[in-house]
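Participant: Sequence:
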Amino acid sequence: MLSEEDFNALVQAKLQLENPGLAAKLTDYLGAPIEKGFALLPKSINTTVSQVTQAALMKACQVALFTLKDKPGTKSSNKLHKLGAALSGSVGGFWGVSAIAVELPVSTTIMLRSIADIARSEGEIITQTDAQLACLSVFALGGNSDKDDSAEQGYFAVRTVLANTIAEAAEYVASKGISKEAAPVLVKLVAIIAERFGVQVTQKVAAQAIPALGAAGGAIINTLFINHFQEMARGHFVIRRLERCYGSELIRQQYELIEAQ
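With the sequence shown counted from 1, adding 80 to any position gets you our numbering.
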């Protein structure tokens, strides 16, 4: 059985992973439903977001995961990464929807570095392919795809959906690395993650479209954006740490018991 400390860590991870999504957090903080922002978005926004998120994730793969020293257990620098995200968000807030193709790759790279930093703080060996792809998979958490049914929306359900593709991508990356000419299996993984991540990107863009927010509002929204994924990352990598100690089956059983309480 889990120690009291580890059980409490699992409870906290559950709260982080299953709490209200980004849209609810943005609405609570801004004091206005972001549906107002959705009404202002161009009809082509979903296509734009899909294209930009896939490109942003692939670019982030190539950049963010290779700038951290391999020191498992090092305390993560959450505030520093939030500052970087806020600065990039101020650009998006000033220029609006037209800036998404420029701003999103920057903020995504910052977020992926922050996610990797959190992974390292929970004992992950960040130079290992499995850990790197686990970092990337955080973008699929907390944002449901339009194609999801209720059985595909929980934390472990998302991990199950991604498992086979991650395994295939890990085999490729381990032998050839993450390159510009990525294998189809890696492109497939990024596409699956981008579909879920794109839901939250659209929510972020909708919030930035609300009149009068401007550059300052964009900075606030991006801070909420990265904070959301930092919470997802912390919960995800706490669970992976506990799985290394107790085994994945026991941790999932305990997780589901907490969910049923």
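What the hints contain is simulated information worked out from the structure, not anything from laboratory work. Do not rely on the hints blindly, as some may be mistaken.
What the hints assert, rightly or not - Listed next, with one range per pair, are the computed distances between beta-carbon atoms:
no., residue 1, residue 2, range
1, A247, P113, 35 to 41 Å
2, Q131, D210, 24 to 30 Å
3, Q142, N244, 21 to 27 Å
4, G203, L120, 43 to 49 Å
5, T303, A247, 31 to 37 Å
6, S83, N126, 17 to 23 Å
7, A119, L82, 43 to 49 Å
8, E115, A254, 42 to 48 Å
9, N99, K268, 15 to 21 Å
10, T207, R332, 45 to 51 Å
Stated by the list, open to error - Here are the simulated EDC-like cross-link-like pairs (lysine to aspartate or glutamate), alpha carbons at most 16 Å apart as the crow flies:
no., residue 1, residue 2
11, K94, E251
12, K123, D108
13, K256, E275
14, K256, E323
15, K268, E248
16, K94, E323
C-beta: ideal position from N, C-alpha, C; glycine also.
Participant: A separate judgement is required for each hint: does it hold in the structure or not?
Facilitator: Each hint, compared with the structure:
1. A247 with P113: 35 to 41 Å: For A247 and P113 the Cβ distance comes to about 40 Å; the hint holds.
2. Q131 with D210: 24 to 30 Å: Hint holds: Cβ distance 28 Å, inside 24 to 30 Å.
3. Q142 with N244: 21 to 27 Å: holds, 23 Å
4. G203 with L120: 43 to 49 Å: At 44 Å between Cβs, range holds.
5. T303 with A247: 31 to 37 Å: Given range 31 to 37 Å: holds, Cβ gap about 34 Å.
6. S83 with N126: 17 to 23 Å: Roughly 46 Å apart at Cβ, these two residues miss the hinted range, so it is violated.
7. A119 with L82: 43 to 49 Å: holds, 47 Å
8. E115 with A254: 42 to 48 Å: holds, 44 Å
9. N99 with K268: 15 to 21 Å: violated, 29 Å
10. T207 with R332: 45 to 51 Å: Given about 27 Å between the Cβ atoms, the range is violated.
11. K94 with E251: It is violated: about 30 Å lies between the C-alpha atoms, which goes past 16 Å.
12. K123 with D108: The hint is violated at about 26 Å.
13. K256 with E275: violated, 25 Å
14. K256 with E323: The given pair, whose Cα atoms are some 28 Å apart, is violated under the 16 Å limit.
15. K268 with E248: holds, 10 Å
16. K94 with E323: Holds, at about 14 Å.
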